[in-house]
Structures are given as C-alpha cells and as structure tokens.
Amino acid sequence: MSPFDEYIHTIIMEGAVEAQRHGSATVEAQHLLLAVAAQEGTAPQRVLAAAGLDHEAIQAALDREFDHSLSTVGVFRDSFGLSRPSATLKRLPTMGATGKLALERGFASVPRKKDLRSAHVLLGILQAEAGTVPRALALAGVDRTDLLTRVQDTITDDDSE
Amino acid sequence: MPATDIPVPQDPADALAAVVALRRLADQLEDAAVEQAMRAGWSWPHVAEALGVTRQAVHRKHAKRLIAAGVKLRRRSP
Numbered sequence: 006m007s008p009f010d011e012y013i014h015t016i017i018m019e020g021a022v023e024a025q026r027h028g029s030a031t032v033e034a035q036h037l038l039l040a041v042a043a044q045e046g047t048a049p050q051r052v053l054a055a056a057g058l059d060h061e062a063i064q065a066a067l068d069r070e071f072d073h074s075l076s077t078v079g080v081f082r083d084s085f086g087l088s089r090p091s092a093t094l095k096r097l098p099t100m101g102a103t104g105k106l107a108l109e110r111g112f113a114s115v116p117r118k119k120d121l122r123s124a125h126v127l128l129g130i131l132q133a134e135a136g137t138v139p140r141a142l143a144l145a146g147v148d149r150t151d152l153l154t155r156v157q158d159t160i161t162d163d164d165s166e
Numbered sequence: 367m368p369a370t371d372i373p374v375p376q377d378p379a380d381a382l383a384a385v386v387a388l389r390r391l392a393d394q395l396e397d398a399a400v401e402q403a404m405r406a407g408w409s410w411p412h413v414a415e416a417l418g419v420t421r422q423a424v425h426r427k428h429a430k431r432l433i434a435a436g437v438k439l440r441r442r443s444p
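Chains as they are written, first to last, in my numbering: chain Y, 6 to 166; chain B, 367 to 444.
Do not take every clue at face value.
[What the hints assert, rightly or not] A partial selection of chain Y residues facing chain B, derived with a Cβ cut-off under 10 angstroms:
| hint | residue |
| --- | --- |
| 1 | Ser7 |
| 2 | Phe71 |
| 3 | Asp72 |
| 4 | Leu75 |
| 5 | Arg82 |
| 6 | Ser114 |
| 7 | Asp120 |
| 8 | Leu121 |
| 9 | Gln132 |
| 10 | Ala133 |
| 11 | Gly136 |
Calculated from the structure, these hints are not laboratory results.
Glycine is no exception: its CB is placed at the ideal position from the N, C-alpha and C atoms.
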C-alpha cells in the first residue's frame, strides 16, 4: 500500500468515526476535514494548524455554523432543553454526497493516481464553494481562497511526500 | 403554521443551510425523544405511531443504541 493509500484509508475510516460521533448516517465533507485535522504530523494538518484550524477550532466553527443556520429561521438549540441521547451505535456511516464530491475533486486535481499526495484530499474538501464547510470557515474568519493557495503550495513544494 | 409564516432567509445560501441544519436537529431530537419515551415505559408501537412511522422502522433505527445504553424496552402496548 502506498503512503497515499494508507493516508486516504485513515481519513475515510476516521471520517466515519467523526460522522458516527455527530450522529450522521453519512460521511460528509466536514467529517473528512475533522479527520484531516486530526492526523498529527501530516502536511495537510500543518497547513490547517498554521491557519489556526486545529481539530478543536474546526469543531467550534462547525458548531457555530449549525447554530447560525438554525438561527436564520428562528430556531435555537438551547431552547429545546432535551437530554443528550445515549451515544449512537448505528451502522458504520457510508460516504455521503459532499464527502464523495470532496474526494472526487481531490483525485481529479492530478492527471495520474500516482501523483496524488495527502494534501490533495484537503484541496478537494476546500474546493467546495457551497455547503457546511465553506460556511463554517467563513464564519470562523478564514479566507478559504488563501487557504487553498497554501495547500497548493504545499503540494508544489513537497512533491516527494 | 402556514408556510407563508415561516421566516425564509433572504440569502439562498442561508435558506439552504437552514434546511440542512433543521434536518440534523430533527435527527438529534428524534434520538433524544425516542430514548426519553422508552425510558418512560412507552412501547415500540406507541412510539412508532406517535412518530408516524412503522414499528419496524423505529425499531431498526433505535433498538440497538437503546439496548446498548441499558434502556429497559417494553414489548407490548400499554
């Protein structure tokens, strides 16, 4: 298994764990992003951390996006006061539409599979212009275009990874 | 509430994101509400009827999680 194959396997598995933790039946782009941020010592994790986006900060940004989106239709999570349900033990989540699109975009950014690097996964996630991830990043004050450039630079600089 | 009374955000991105967030909140609410009902001694058919779904659907979706959480489940309707 190539280093990239090992990396992508880890991201998909960890993304599924994140999805399960969030009570989601599908692995979406935000779950893959959390998984990328959790892989200490990898190039994509370093790029995210340099932009102030560690796992905790991304989780906070996603929570903020959730609350903000609910508030636009006058709904507030706090007003429900329901007890937290027991940890979900559902089937392992399958790849969702936004997760699949993120991976496809990452893979499509190179002409040959052997040119794929770990940062291409993050590149694919950040390319989405609509949906939860770009909204969460915008609310956190992150310049997504600038971040994309930094990820691209990482790929150019470190082609031997 | 009639559909015309629901506040629709002016920005389409906000309106679409609200749909996603509401679905997610509804799922979370369902998990919590089903657990609350089952802990209070409700039966599967009772919970299913209240949710407007089949008994099989509610059982398939929640039984494993509630059993793992140690919730005592009733077999018959009260």
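Hint check:
no.: 1; hint: Ser7; verdict: violated (35 angstroms)
no.: 2; hint: Phe71; verdict: holds (5 angstroms)
no.: 3; hint: Asp72; verdict: holds (8 angstroms)
no.: 4; hint: Leu75; verdict: holds (5 angstroms)
no.: 5; hint: Arg82; verdict: holds (7 angstroms)
no.: 6; hint: Ser114; verdict: violated (25 angstroms)
no.: 7; hint: Asp120; verdict: violated (34 angstroms)
no.: 8; hint: Leu121; verdict: violated (29 angstroms)
no.: 9; hint: Gln132; verdict: violated (17 angstroms)
no.: 10; hint: Ala133; verdict: violated (12 angstroms)
no.: 11; hint: Gly136; verdict: holds (8 angstroms)
The earlier numbered hints that this structure contradicts are 1, 6, 7, 8, 9, 10.
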